[in-house]
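Heads up, the sequence shown is in my numbering, so the first residue is 6 and it goes up one at a time.
Calculated from the structure, these hints are not laboratory results. Hints should not be assumed to be uniformly reliable.
Below are the SDA-like pairs computed for lysine to any residue, each with C-alpha atoms no more than 25 Å apart in a straight line [to be verified]: (1) Lys-73 to Leu-111; (2) Lys-73 to Ala-113; (3) Lys-73 to Tyr-99; (4) Lys-153 to Ser-72; (5) Lys-153 to Leu-21; (6) Lys-139 to Cys-101; (7) Lys-73 to Ser-36; (8) Lys-73 to Leu-45; (9) Lys-73 to Cys-101; (10) Lys-73 to Asp-55; (11) Lys-73 to Arg-91; (12) Lys-73 to Ile-161; (13) Lys-73 to Phe-121.
Just so we're clear, the structure is a prediction, and the values are computed from it rather than from any experiment.
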Amino acid sequence: MSQHTPQSQLPEIENLRVAIAVAEWNGHITSRLRDGAIDLLRNYGLTDEDIAVVEVPGAVELTFAASKLIETGNFDAIIVIGCVVRGDTPHFDYVCSSVTQGITSLNADCDIPVIFGVLTVNEEQQALDRAGGKLGNKGTEAAETAIKMVAVNRLIDDL
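Make a model of the complete structure from these sequences and hints.
Quick look at the structure:
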């Protein structure tokens, strides 16, 4: 049985720029997530000039890329995309903990939202199901979240 999160209409936002940091590791999955995010942003009305994509080797490096993208001051939101598949060693736990803590820290300390689009799964099929498979595309959902969080950020800034 799958659970569905409530979906609301995307808010209208002008002058929106979004950066996507995507891990190359498990690229056959992360490329699908990246493409889902880009497709949603383009359908929303963003142009190629409004979307920047930066590739990093793996999920751990996403925090660094997001931090550097924030420092530019050129973006309203950052989406980080990665995929970590559990293996036979504790590496999975360390990677997941590192990237989760890093992105959480950026969200607490920075002025723009960093959207967590990192799949953490037990097996590859679970990732494929979430990268355009039977469970949708979590990259698309990350782009929707980015738009909504920019709207929240601007609303709070105007209070």
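Holds or violated: Lys-73 with Ile-161, Cα cutoff 25 Å?
-> Holds: Lys-73 and Ile-161 sit about 24 Å apart, inside 25 Å.
Measure nothing beyond the straight line between the CA atoms of Lys-73 and Phe-121; if it is 25 Å or shorter, mark the hint as holding.
-> Distance of about 16 Å is within 25 Å: holds.
Would you mind confirming whether the straight-line C-alpha gap from Lys-73 to Leu-45 stays at or under 25 Å?
-> Given pair Lys-73, Leu-45 holds - Cα atoms ~24 Å apart, limit 25 Å.
Proposed proximity, Cys-101 with Lys-139 (alpha carbon, max 25 Å) = Given that 25 Å is the threshold and the Cα spacing comes to 24 Å, the pair holds.
Could you grab the alpha-carbon distance between Lys-153 and Leu-21 and see if it respects the 25 Å cut-off?
-> holds, 11 Å
Satisfaction of hint between Cys-101 and Lys-73, Cα-Cα up to 25 Å = holds, 20 Å
Lys-73 paired with Asp-55 [C-alpha distance capped at 25 Å] = holds, 17 Å
Quick one, are Lys-73 and Ser-36 close enough, alpha carbons at most 25 Å?
-> Judged against 25 Å, a Cα distance of about 21 Å means the pair holds.
Given the hint that Lys-73 pairs with Arg-91, test it: the Cα-Cα distance must not exceed 25 Å.
-> Roughly 28 Å between the alpha carbons, so the hint for Lys-73 and Arg-91 is violated.
Within 25 Å, alpha carbon to alpha carbon, are Lys-73 and Leu-111?
-> holds, 11 Å
Has the given pair, Lys-73 with Tyr-99, been kept, meaning a C-alpha gap of at most 25 Å?
-> Holds. Lys-73 to Tyr-99 sits at ~22 Å (cutoff 25 Å).
25 Å limit on alpha-carbon distance, applied to hinted pair Lys-153 and Ser-72 = holds, 20 Å
Checked against the numbered hints above, the structure breaks only hint 11 and satisfies the rest.
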